[in-house]
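Please dock the two separately framed chains into a single complex, following the hints provided.
Line order of the protein sequences matches chains A and B.
Going by the numbering used here, the first sequence opens with residue 1, and the numbers climb by one from there.
Going by the numbering used here, the second sequence opens with residue 1001, and the numbers climb by one from there.
Hints may be right or wrong, so weigh each one.
Claimed, not checked - Calculated lysine-lysine pairs in the DSSO-like style (CA-CA distance at most 27 angstroms, straight line):
1) B:LYS1043 x A:LYS199
2) B:LYS1061 x A:LYS103
3) B:LYS1061 x A:LYS199
4) A:LYS103 x A:LYS116
5) A:LYS154 x A:LYS62
6) B:LYS1061 x A:LYS183
7) B:LYS1143 x A:LYS199
8) A:LYS62 x A:LYS199
9) A:LYS183 x B:LYS1057
10) B:LYS1057 x B:LYS1039
11) A:LYS183 x B:LYS1039
12) B:LYS1039 x A:LYS199
13) B:LYS1061 x A:LYS186
14) B:LYS1057 x A:LYS186
15) A:LYS116 x A:LYS67
16) B:LYS1057 x A:LYS103
17) A:LYS199 x A:LYS125
What the hints assert, rightly or not - What the simulated footprint calls covered on chain B by chain A, stretch by stretch (three residues with Cβ under 8 angstroms from a Cβ of chain A suffice, anywhere in the stretch; the number is not a length):
18) 1093–1101
19) 1208–1216
I should point out that these hints are in silico values taken from the structure, not numbers from a laboratory.
All residues carry an ideal CB built from backbone N, CA and C; glycine is no exception.
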Amino acid sequence: MRMTFKSLAVFALFLMPLSASAQANAPDLAKAQAFVTALTDDAIVILSGETTRAGREASFSKLLNEKANMRRIARFTLGQFGRKISKPDFETYQALLNTFIVKVYANRLGEYSDEKVIVGKAQAKKKNVIVSSRIEFANGRDPIDIDWWLRLEKDGSFTLFDVRVLGVWMAQEQRDSFASVLKNNKGDINALLTHLRNKISSDPNDS
Amino acid sequence: MKRIQNLLLTSLIATSLAACASSDALEAASNVDRDPYEKFNRKMFAVEQTLDAYVLKPVAKGYLYVPQPARRSFRNFLNNLISPVTLANDLFQGEMERASTTALRLGINTVIGIGGLFDPATRLGLERHEEDFGQTLATYGVKPGPYLYVPMLGPSPPRDLFGWGFDWLFDPVTYASSDDLTGPILRYTLDGIDARATNLGIIDEIERSSIDFYATVRSLYRQNRDSEINNGVTNLDDLPDIDDLDDLDDLDDF
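So that you can see chain B by itself, here it is in the shape it has in the complex (with noise of 0.2 angstroms):
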């Protein structure tokens, strides 16, 4: 427990230097080579896909023997824990109606659904949604930094690090153990097993067909995450401009 509390202290402190890092560096790492520590990362990448191997998907695996059911009522039960950090991260972000809809499926889905159980306010029509302290950072203006990736964290820029970090102090689990640490990884352990037992298929079919896998991880990541931070609104002028595709004819100029 020792080791992943310095792990984290280093991660803080790694962050908090980043942040301090003029923003010009920031903005250049972001904009130009958004991917410095590509060597590293590929390093770490490979160290996940290691661990994914041998330890990550064969305990997916196996879990998905539990019942299907049983495994629908888990992925609630957890959807409903983290909702406070979703909650406290609508606020944050002066989402006042996101807010709300994220209180009222706390209190349905804790009293009615049982303790999270079920998942009876999404049939009342109150669709779930998540926040983190890194989107809320995003909202705000905050640059995600260089890309970094951590084994068993996956993709974690040192924005998505710090808000990971800072999300803790919302997170009811935190509070349940004595230590601090041992609540917040026992669900992320748990909620890493659940996932990737969900997408089992789908995650070695992508493996399977990319060309270069590190490269799409990276892709799906920045992409996903940029449509988290609007919401999943698509807003037609942040798409890339492809009207000089549009001369099809230009292809006989080469």
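Bound conformation, chain A alone (with noise of 0.2 angstroms):
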């Protein structure tokens, strides 16, 4: 019996770095829906606590700078045309997009207000999380699923990659966009530059 005890405790102590490591790479799911529900409350705080507009995007922006890698996001929607372009060239790529983001979304998801956020289970594949929410309205508006793609980085955090509104991932939609628009310039990067910043400049809500 002792020795069956013994092997036993070997057993574990050897399977112990083992189980060890493996939690390690795993990302943890509770932490994951952790960060989705204190990103939403955020986000919820600016909708409904910014009057102004300006006031909106830079607590947006704050918020995107600290919770999603835009670094990531700005080299997945360039798709192939971000291995060819110079690195000055996708520095004001980078900055142009970190705008447009803020403008584009700050104003979409006002479209969003009134609501409560329900946090759904989460999924993981390698250094992935989907973590899936529904938003719901105080109007009677039919509810949103909304699916939030996190990362694990190399120190053991998270980091918005993506969302998925209404079975829409919004990057994706962006690097479909963006493209189409190299595609039609002949892969000309400042041609995307030019559309960015005449987009950021347009808006109407500006003036």
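Structural data, given as structure tokens:
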């Protein structure tokens, strides 16, 4: 009996480092859900609390820079073209994209005020975690399902990579649109940069 | 009305031709360049935008003067009216649980919900979903074929265009009119006005903020359609691989 117990103890000791390392690699799903809860809470505070457009955009920009890995999003939205452009062009693109995203989504999300977010299940594959959620509206509008694609970073923290609304991944949608502009302009990144600049400067709500 | 009939006939012939084309050609069209008629499609999209600006949008704006509870009831009524089509396609797909949900919803909302004007079924936990024959074909492996944009119908690749026509067979409104066409067209028009009115703000916002509205709509359609075919389930295996974006230090090596 003593031998069996000893063997078990040795076996357990041998297993422990394995399970510990497995845990270190697998994303913590509860932590991912908590990340989304905190993110949506912050977003609701901004949407309902910030009355001016400039204030809303500034707060939204801060939230995005804290919670999302904008560099990864920038590379992704460029698709194959991301490998061809020069570093200065990429930096210009990155800055324009950040402003563009803040302007687009601070406004689009404005449509979803007066809501309650219910965070649902999380599922993981390698470093990716998808957290489901549902937005319910007080005015009786049909609820909307939203998925949050998080990515586990090297330091163990999560960052936001993409958001799926009504079956549509937003970063993928942007990548498709950008690819179309690049394709129709023979891959000239300047055409895309000009389009982004025009969209940012022609924002009618700025005037 | 004759013109609409001709249009439908032409679309059906075009669909059949596309279906007869070799599967290799369709495969190439769907994977390599999934919008081979982009030039034509962009023209059709421009026609749609003109029609939207001068007809659909003003009508939708006017419709918003109808009190919200009345619009809600009308939406419920339209949803209930289309449910036999969903039921038929649930069955075609062998989705028995979803079929029973649709059948129960249809019964409850028609009887207790006074002809579908109210939606007590949702409150009983029977959540609504929609299916169409385009989705059914997709579950049997039929590819969408080349992207096509049809004014007032929206993105309609051959598979979905054919599916849309086929669904009329299971639509009770088809049999409510003597010519089989007036009912579905009227319902489709009213459905379009209600949908446009409900999403007035968000559609305008997407248009205003898109750097290429045509490409945005194409992407929205494709992604949304794939999601509908998968019944909204997120499959992690379908996500694009972003592992190679992880080495962000590579950015210094341009």
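Check your understanding: Can you name, in rising order, the numbers of the hints this structure does not satisfy?
Key -> Structure breaks hints 6, 7, 9, 13, 14, 17 and 18.
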